[in-house]
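Student: Chains A and G, in that order, give the protein sequences. With the first sequence counted from 1, adding 11 to any position gets you the working numbering. With the second sequence counted from 1, adding 19 to any position gets you the working numbering.
If you are wondering where the hints come from, they were derived from the structure by calculation, not from laboratory data. From a predicted model like this one, the values you see are computed outputs, not experimental measurements. The C-beta atom is built at its ideal place from N, Cα and C for all residues, glycine as well. A portion of the hints provided could be inaccurate.
To be verified - Stretch-level coverage of chain A by chain G, calculated; a stretch enters the list once three of its residues show a Cβ under 8 Å from a Cβ in chain G:
1. 181-194
2. 343-357
3. 386-393
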Amino acid sequence: MHVSTLLLQIGLILVAARLTGLIFRKLHQPQVVGEMAAGILLGPSFLGSVAPHVSAAVFPPESLSHLGALSQIGLILFMFLVGLELKPQLLREKGEAAVLTSHVSIVIPMFLGILLSIYLYPRLSDDSVSFLHFALFMGTAMSITAFPVLARILTERKLLKTEIGSVSIASAAVDDVTAWCVLAGVVLMVRSGEGGLPLWVTIAGSLAYVCLMVFGVRHLLKKLADAHRRQGRTNGGLLAVILLLILGSAWVTEKLGIHALFGAFLVGAIMPKEESFVNSLTGKMQDVVVVLLLPLFFALTGLKTNIGSIAGAEMWFYCFLVTGVAIVGKLGGATIAAHITGLSWRQAGAIGVLMNTRGLIQLVVLNIGLEIGVISPDLFTMMVIMALVTTFMTTPLLDWLYPQSTRKPAAELVA
Amino acid sequence: MRTVLSYLILVGLPLLGLVAVIEKGKALHPPMAVGGDWKAELDQAPDGASCSSRRLSPAFTIQMVQSGTQLTLLLKEGADAELRGKISSARISARDRDLSVEFQAEVEKGERGDRLSGTLSLSECRESGTIRFAAVKNFQTRPLAVRER
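Only chain A is shown next, with the shape it has when bound in the complex:
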């Protein structure tokens, strides 16, 4: 493959992502929703359908592996940033409201997702996938909240310091960690049956690795934060060490049979959370990852998404069912739980809407599911539609349910 093809692909993807992002911003949507939509537009659902020759010339199948490698690097760095944004003290500060909301908003959609699997498994899966793997994956995919997108929406809407902002961000943090742990378990179960490492080696190795990172490497990372504090900046050497740690951890978890992304997420999660250190690292990486590499991932996801394959009333019914169950489980579950903890229905509803944001984390999870063969291409497309719908509906629903005039800062409410 010529480098020129890759450069053309990257250029086209960037133009599409920025333009669509801009249009979606005009619609009061986060930029990322537009970028997700750009990926779909570049795939068989639109470009491949209206201009198949252009699509075949720009995205020849043999060239996609290069694009895939670049997007994997982007995802690894992005998952590190997601882990880096997690702040364990958020949960401690919000106490029972966050614990109940987060646990309910995981368990209810997971239960409904598994219940839905009873109906979908004989219709959208095949006998190469066990029901247990299928159901656990569906449950996990239903219980995802896009922590990074949620954080962006809360910041853009100036909701971060309100009661609903702090409860939802803390709950989303717990959701993220829990969902990744369950997903790691599913990947591990599926891959152990494929002739890789024996299951017990993967489980023991994964546990030992997590312990090593949490109780050993974390202390070393504090030294890196100290070095940053002394120097007042993140220099090239420090950044190189952190990048090596991210790539090394991703390599270990990939070799252990759970996905490379878990390793990157783990390094981010155990990083010291000193604000200046976190801001400095985020500043160094975020622009390249978010502006350049993530749109490549969206485009690749779009190339795997063929909305045209959802043909006929039966398939669209499944799609509506998946989307409906996802919304009822997440939005409904989080709303009820938040109301029980003492919030008004309006506030609780706003938390439910926020927790229902699937965003790009859902796309990451779905790509893993497709890669390990636990979901079929059509179900993948349906779940991508669900991710887009749940993310797209967040801001208009939030503005309707919780308008500016009703917002109060958290401190005021607590007092």
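Starting from the structure of chain A, add chain G where the hints point.
Tutor: Showing chain G alone in chain A's frame:
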């Protein structure tokens, strides 16, 4: 107390239900897995001057993309057609959008690899009748996410 009770009802009960649902689901029977690439050969090579020889080579590839009972079949490398169809038990039936190609086949699972035997009908080549073929899935391939064009 209210929170604890809510926790038990909203978290504990669904968790118990989840276990019950997974147990129930284990008894379900999904369709047979046929996704992947199949190497097909015609039982009898068509006459070089015949209509069907322009549409089909003696050997071709069938790429099957499966989503449950729904199938998309790409006939390539010696054929060129995109068919949509279904699998019911071990029987596959598919046709293309303008109904010019009809595909019927039976899947046979075996320890030495899965086999497929069936017929193709080309509406524009009625004189050829149904064309018999056999295919073997001689290498393990996952249902493809990005279809090759």
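Student: Now tell me if each hint is right for this structure.
Tutor: Here is how each hint holds up against the structure:
1. 181-194: It is violated: at least three residues are needed, and the region 181-194 of chain A offers just 0 whose Cβ sits closer than 8 Å to chain G.
2. 343-357: holds (count 5)
3. 386-393: With 5 residues in contact (Cβ-Cβ under 8 Å with chain G), the coverage given for the region 386-393 of chain A holds.
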